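Quick note, the sequences are listed as chains R and Y, same order. Under this note's numbering, read the first sequence as residues 1 to 215, first letter to last. Under this note's numbering, read the second sequence as residues 216 to 649, first letter to last.
Calculated directly from the structure, the hints in this document are not laboratory data. From a predicted model like this one, the values you see are computed outputs, not experimental measurements. It cannot be assumed that every hint is accurate.
[Unchecked claim] A partial selection of chain R residues facing chain Y, derived with a Cβ cut-off under 7 Å:
#1 Ser9
#2 Leu11
#3 Gly15
#4 Thr22
#5 Thr60
#6 Glu87
#7 Asp108
#8 Ala111
#9 Val113
#10 Leu140
#11 Leu150
[To be verified] Listed next, the stretches of chain Y that the computed footprint assigns to chain R, with coverage defined by at least 3 CB atoms under 8 Å from CB atoms of chain R:
#12 483–496
#13 505–518
#14 527–540
Backbone N, C-alpha and C define an ideal beta-carbon position, used for all residues, glycine too.
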Amino acid sequence: MRVVIAEDSVLLRAGLIKLLETSGFEVVAAVGEADGLLAAVAEHRPDLAVVDVRMPPGYTDEGVRAALVIRRESPGVAVLLLSQYVEERYAADLLSEHTSGIGYLLKDRVADVSAFLDALRRVAAGGTALDPEVVAQLLLRRNADPLGRLTPRERDVLALMAEGRSNAGIAGALTVSESAVAKHINSIFTKLDLPHAEGDHRRVLAVLRFLDGDA
Amino acid sequence: MVSPPARSLRAHAPWTRAAWRDTAFALSGAPLHAACWAILVLPWTVWVPVDTLSVLGVLAATFLAVLALARPLTRAHRERAWAVLGADVPEPPPRPGGVLRGPLRALRTEDLWRELRYHLLVGPLLGAAAALLALAWAGGAGLAAYALYAWKLPNADPLDIGAHAGTLARFTVSLGSHTVRTAVLTAAGLALLAAAPWAAAAVRRLDLRAMRALLGPDRARELERRVEDLAGKRADVVDAADLERRRIERDLHDGAQQRLVSLAMNLGLARETLTGVPEPAMRVIVEAHEEAKAALTELRGLIRGLHPAVLEDRGLDAALSGVAARVPLPVRLRVDVPERVAATVEAVAYFVVSEALTNVVKHAGAASVEVEVVRDGPALRVRVADDGAGGADPARGTGLTGLARRVRSVDGTFRIVSPPGGPTALTVELPCAL
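Kindly produce the complete structure, drawing on both the sequences and the hints.
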């Protein structure tokens, strides 16, 4: 799998390269700022871009803006954003157009190597990976809308869905059976009035509903 | 041992340096004190105009002369105090300049009017006192020496008791009355001499006090200026502390945090990829990895407590939703701050909410919390209310004391209502214009 890395800290960049190459990814380019990232993506057409949110020159949200450009111009390239802190607005921006092939994690999660690699693969495969903190913040803002009809357990399930977990992953995280998870998910679909459609699409819609609560 | 009254008497003896110094001070002031009124009055004694215009003209001229004289006179008084007493009467600070210069501009300053009060109202009284003092010294000296020249004087006893008495009787009475008179007048002279130093000291004290009050810097103004100055300095200190927190945050983020992430990543990598490592060695690696991750979590907590980057980049709403999301309780968060407020105020508001939430989680045993941050006119109002056990007391909890102190540092108000049994509501108001 071909990856482009954009991270301005030399130390972390080197660490990420080593981590990804050791884990079977092919790092085709590693850059330190947003323009370089866009150029590298255009040149190499990678499967995945791992992008730091804060990069030169402004050290604000260059990474998010670059990610939006990549998602618009190169839909085939999945993007995983790494950030010092999570900001739900960034998540909402990122997910407003596309809900697949997007990840948004706290930088610290890199330390949890296996979970981080799982998230990378999930995003590269077209899934999502939202940091639990993003999800917690999003839930905080959605206290009074239709999501309020969900039971606490259903909210937990929805949050894990938003993180990008599969039914098996959710079941593992909540230590319940997979069939219980499936039941919760069906209940969520019903409560959120989501139509029957093919495959994972309803999952995505549920997450979207969850993310766009106030949009 | 000398008792205080005796010491005081000795200090005010007519032959002391202090007595002469005070007298010199009073006398040196007299001509200066007389100057203004002399200018105002003298013209009328030499020439009295009859028509209104001339009267007004003379009035205006004398008034202008007094105005022109006020500043030099003030300087002379200041010099006099310094030269005679070594007492410093500070000059009022210069006023910010306008377009008008010289006497015309001075007309608009309160300082000049205070000076005129000294020269025209207090001055004449002090001048008169100085004249009386001179009289006391001269009269005292003259009378005290009466006995020395009394025999030269004709007997001027107005009653002339002896005139109609017999020679012997006349001699006796005359001698008696003369002796009594001499004694009385000499005693009066000595009394005057003894009293003069006290009077001189009193004049000196009054004059100096009047000079300091009317010729020196205006106390009220001075205090006002000082308060402004101190408020400015405090704001600088608070800002500097805030800047320092942000600097430390950035340093930690750019340095230690990156290194720790890298370290944890490497350990994680080792843990995932190393094969054939002896079991104890693997256990060490796993432990090191867990430790590194724990250190990372602690460091993040520390940075959040200092001044999180999200606050600087995205403002209160974003930063507080991050704080609220980490609280293991349902939090209702409402942030209604249309425009960013000063970074220092934002930092205090952030600190208040995060500390209050920490307290709620630790002590309140609450089921839910409500956080509200709204812009209310010139102030930012922060309210954190929980439905917990109550009984929070700023006198006991160090958390609350630190909170109150931080709020006070920006002139905010801090109020906590927490009856035993709850609920607890913490309200903080922070002025946005520092």
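Each hint tested on the structure:
{"no.": "1", "hint": "Ser9", "in the structure": "5 Å, holds"}
{"no.": "2", "hint": "Leu11", "in the structure": "5 Å, holds"}
{"no.": "3", "hint": "Gly15", "in the structure": "4 Å, holds"}
{"no.": "4", "hint": "Thr22", "in the structure": "6 Å, holds"}
{"no.": "5", "hint": "Thr60", "in the structure": "6 Å, holds"}
{"no.": "6", "hint": "Glu87", "in the structure": "5 Å, holds"}
{"no.": "7", "hint": "Asp108", "in the structure": "5 Å, holds"}
{"no.": "8", "hint": "Ala111", "in the structure": "3 Å, holds"}
{"no.": "9", "hint": "Val113", "in the structure": "3 Å, holds"}
{"no.": "10", "hint": "Leu140", "in the structure": "5 Å, holds"}
{"no.": "11", "hint": "Leu150", "in the structure": "14 Å, violated"}
{"no.": "12", "hint": "483–496", "in the structure": "holds (count 5)"}
{"no.": "13", "hint": "505–518", "in the structure": "holds (count 5)"}
{"no.": "14", "hint": "527–540", "in the structure": "holds (count 7)"}
Checked against the numbered hints given earlier, this structure breaks only hint 11.
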